[in-house]
Amino acid sequence: MWNKIEGAPRETIEETQLKRLKETLERVYELTSFYKEKFDELGIAPKDIKSLKDIERLPFTKKQDLRNHYPFGLFCVPMSEVVRVHSSSGTTGKPTVVGYTQSDMDVWDEVMARVYTMAGATADDVVHNAYGYGLFTGGLGFDSGAKKIGATTIPASSGFTDRQIMLMKDFNATILAATPSFALHMYETAKKSGSGYLKDFKLKSGVFGAEPTSDGLKEEVSRVWGIDYHEVYGLSEIIGPGVSSNCKHSKLLHVNEDHFYPEIVDYKTGKVLPDGERGELVITSLTKQALPIIRYRTGDITSLHREPCACGRTLVRMESIVGRVDDMIIVNGVNVYPSQVEHVIANTKGVTLNYQIIADKKGHLDKIDILVEVSDEVLSDSVAEMEKIKKDIQHSLANNLYINANVKLVEPRTLERSMGKAIRVIDKRI
Amino acid sequence: MSKIIKQLSIFVENKMGELSDITTLLASEHISIESINLSDASDFGILRLIVDDSQRAKEILEKNGFSSRFTDVFAVEISDHVGSFNSVIKALAKQNINIEYTYTISNAEIGAFIFKVADLELANAIKTLEKEGIHLLCEI
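Residue numbers (numbering that gives the first Met the number 0), protein chains in the order written: chain E, 0 to 429; chain W, 0 to 139.
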């Protein structure tokens, strides 16, 4: 265990949570008109929250609220105290932006240190980090957590698979941090150099996340590399990776609930559901300074479990994400909403075109095809012009949504419809 | 009479049987195809047709899920002797008129070519060729 709070008596954890919740509520109420107005509307003041149960009376915060206050509208500290920003994809010009003070960075390091410790990593280990470095929280989140425990980090970032494999082998990496699909892709690539080559790797465990993963895929990653599989859950709106992860005793993920307070709600009614029942995960940050967030609707479906774990941790555990409440899909670790794709296409060509997203696997990696129907409005007599439409859409998808999609122009009325309603997403990976 | 000819440009996906779907459709509606040209990219193409009733053809295509548009082109009679095609090209080049594409008319009794130039240049192209004594067709 990295921190003794992970195994503290429930009363201690809950006392800490309540104290931190009250402080957070006082701050957001005082510092942002957004929360003040929402609380006032419901006739609630921070002082009315006397127990953890009272959190149910508080209003929800949604992704759209963050977008509406783009970029820094919900920050609770002056920019001089913000040391880092991250951002996730959005429609043209409107991504979701999150900020961190130094103390937020310390919290992030702390929870990531817990993640690595749960995966059996120590200062003696070499972490090969194949998450993308940049605005995406994956790369830097897994990087600084490894530094916190004193491990050696190989900041490989994404892409260049052949070179990555060589480094992972030559530098004797023992821990692999990657998306599960990239981990499998690395294996397939390494295998081409022969089975003798595979024996030279020193990997013992991996910290995997950033995409929904079936049990079968987890087992395969674990089997082919001969390593322990540890799942890591997180989202940038809350902190990035490090919200929860699993120990070697179970597949359920320990939630770092002294920093992030989890609830499960019925996503239609917003009513809180009891332990064990599946619903939408809602998280309240308890220690965030730059961007505290109250009852954030993650859109992820899971359940909470409070039975004791053999590892001795007393933190509540969550199931691996079983689905989404909306139509969001994840492509090679990047979140994609069909509405964003629609927006990008409309902004590129100035007209709304009918489209369909087809997510599939190419080897072990995700690939995405976007079929766009050619209407009379955009039809040109020139093949070069039509090729340009295709390239332009591909280019704006890459720029705005960070996805490399293959755009295919199709004839009108060729896209599948169900009961007259357009089918926007066909996910062949499921 | 106007020398501008209304060509139908149709978006076609590069897949089996696509072209025959269109020609079958037009034949069943008794639309006669006077001229045909297909320009293709990797996964789609633009089918260019000159038909006897372009307005009706467009409506039929639309009803059956094809995108199409009209494109203004002109047709030049080119007799079968050395340099006749060249004289047309030279006349246009002298006026800096760029030819976007050209193709032969399949069923003409005399040799004839369709020419597409930028819409802004169309009137000038027709005037230039007529001044050179080159014969343009009014209909096909």
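Warning: the hint list may mix true and false statements.
[To be verified] Okay, derived cross-link-like pairs now, SDA-like style, lysine to any residue, Cα gap no bigger than 25 Å in a straight line: (1) Lys57/W x Arg66/E; (2) Lys5/W x Ser374/E; (3) Lys57/W x Lys191/E; (4) Lys5/W x Asp375/E; (5) Lys390/E x Val11/W; (6) Lys62/E x Val223/E; (7) Lys407/E x Lys62/W.
Everything labelled a hint here was simulated from the structure, so no lab data went into it.
Do the hints match the structure? See the list:
no.	hint	verdict
1	Lys57/W x Arg66/E	violated (44 Å)
2	Lys5/W x Ser374/E	holds (19 Å)
3	Lys57/W x Lys191/E	violated (54 Å)
4	Lys5/W x Asp375/E	holds (16 Å)
5	Lys390/E x Val11/W	holds (18 Å)
6	Lys62/E x Val223/E	violated (38 Å)
7	Lys407/E x Lys62/W	holds (22 Å)
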